[in-house]
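A.B. asks: 399 is the number that the working numbering gives to position 399 of the sequence shown; each next residue is one higher, with no gaps.
The hints are simulated quantities; they were obtained by calculation from the structure and are not laboratory data. Any given hint could be a false lead.
What the hints assert, rightly or not - In silico DSS-like pairs for lysine-lysine, Cα to Cα no more than 25 Å straight-line:
hint, residue 1, residue 2
1, K338, K280
2, K350, K364
3, K302, K280
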Amino acid sequence: MKGAEYLIKALQEAGTDTLFGYPGGAIMPVYDALYDSGLQHILCRHEQGAALAADGYARASGRLGVCLATSGPGATNLLTGIANAYLDSIPLLAITGQVASPVMGTDAFQEVDILGMSLPVVKHSFLVQRVEDLPMIIQQGIEIATQGRPGPVLIDIPKDIQLAEFEPGAIEPGQVEPLQVEDGLLQRARELILESQRPILYSGGGVGLADAVEALRQFAEHCSIPCVTTLKGIGNHPVDTPLHLGMLGMHGTRAANLAVHDCDLLIAVGARFDDRVTGKLDEFAPEARVIHLDIDPAEMGKLRQPDLSLRGDLSSTLAALECNPNIETWRQQCSELKHKHRWRYEHPGKGIWAPSLIRELAEKSDANQIICCDVGQHQMWVAQHYPFSHPSRHLSSSGLGTMGYGLPAAIGAQLANPDCSVINVCGDGSFMMNIQELATLKRYRLPVKILILDNQRLGMVRQWQELFFSERYSETDLSDNPDFVAIARAFGMEARHIEQADQVSDALEQLIHSTHSYLLHVSINPQENVWPLVPPGVSNTQMMEHNYESF
């Protein structure tokens, strides 16, 4: 058996059914083995698109995403997608071809040290030096990518090793026992919860990655503790949870930010205290004790020193912490905060106001709708105004903030969930980043919907230039955008352009109920900003807000 043939066989035996990639000379033996395999390969139109589609597939399915590329520029084009998966802890296996072993180190055609280049943005990278090592490396790569805190793994395979013949032996799968928290630590955590007067449950993306959403919901319901989430934790709680205060942080709800600032106990679950969440770190929950639940010891005390660290399986740990704190006054205060600072959707003028449009999209969609966001103002409007039923329904590049993420991720999500409706919400800037993947939609007849919120600007950068750079709008004008409807139709899609508020309802109905791929191009005001906003370097209590003007 050739090394390339074994690779495909091993992926199939590991449960992989879909690959994303782009062929080339150094990976050609793998593509030859793929020809007769029965595996579904999705030919993306750029290797970055392949990596991001594999990321979207992994998020929407809870399974390993796999992408392929050739050496040199093929491999380097994967790196942004690999880094995106690394910063959001997504299980991804990137397999790259490499020049033949005898010419490595000679600056051969399309030779780069992809192992060295990838090291800062992977859990692990492998260079296969003997074909006999391939079985163990593939098994270890899959285990590393999927176990503990998930993340990307890269396997670089020289072309001669792909072609080499060998007789693979049996490999015993590794056994990993769930990590359990000591009883004494659990008892101390319950004591801290019962002693608290103003606790807050703060959860992030680690909850969904650990398949602990139901356990978190049961804990929150049993303890009746007010809760907030990060951007990646959106969907951790049901939308109708009375004490769910929403997303916190730079563009979080006023209720969430104020409640966290006033809490005396912060129960952090699968969250990492990143800067977009905390604002000025030493003023984040300044009076609170902290209980930190996570699987990754590197996160314990990295930014905020916890009073108690609980490293272990989230589901069993949360179940063991259930108790009944006497916090009725605090519950009432948080409920009043939520009501006082609820979103309002009244807006004057005939123009289309993005928050209202997103809210109406949610009202017209079913609970299983998957939304894949790009990066920018539209990403924050979706996070603020679309109530998600589960974290796997909301795909967003949180850590790296990768413009161009949404369309490839939507392709991956649609393939992972063929019976679900998938919508890519994007801006006019981010849509152009991976626009070539419209050809992938066409090739595989995927019914992905695209909603472009077009302000003819790099909106988030323009907003910061307005607020913090004296309205010096340097290189953020996109008023020379192409005709997005014409582009969509050139790729065989139905498409429509709207500009007025009275067109929104009918246009959204068309978008949602189309049985084919569909693009809705929505013109919004170039001056529209995302509110509230916590400026850099200040406490989350110092949120900037603005009265919406008529347009």
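A.B. asks: Hint by hint, note whether the structure agrees.
C.D. replies: Tested hints:
Between K338 and K280, the direct Cα distance comes to roughly 23 Å. Compliance with the 25 Å bound is thereby established for this hinted pair. Distance hint between K350 and K364 is fulfilled; the C-alpha atoms sit about 21 Å from each other, no more than 25 Å. For the suggested pair K302 and K280, the alpha carbons sit about 15 Å apart, so the restraint of at most 25 Å is met.
Checked against the numbered hints above, the structure breaks none of them.
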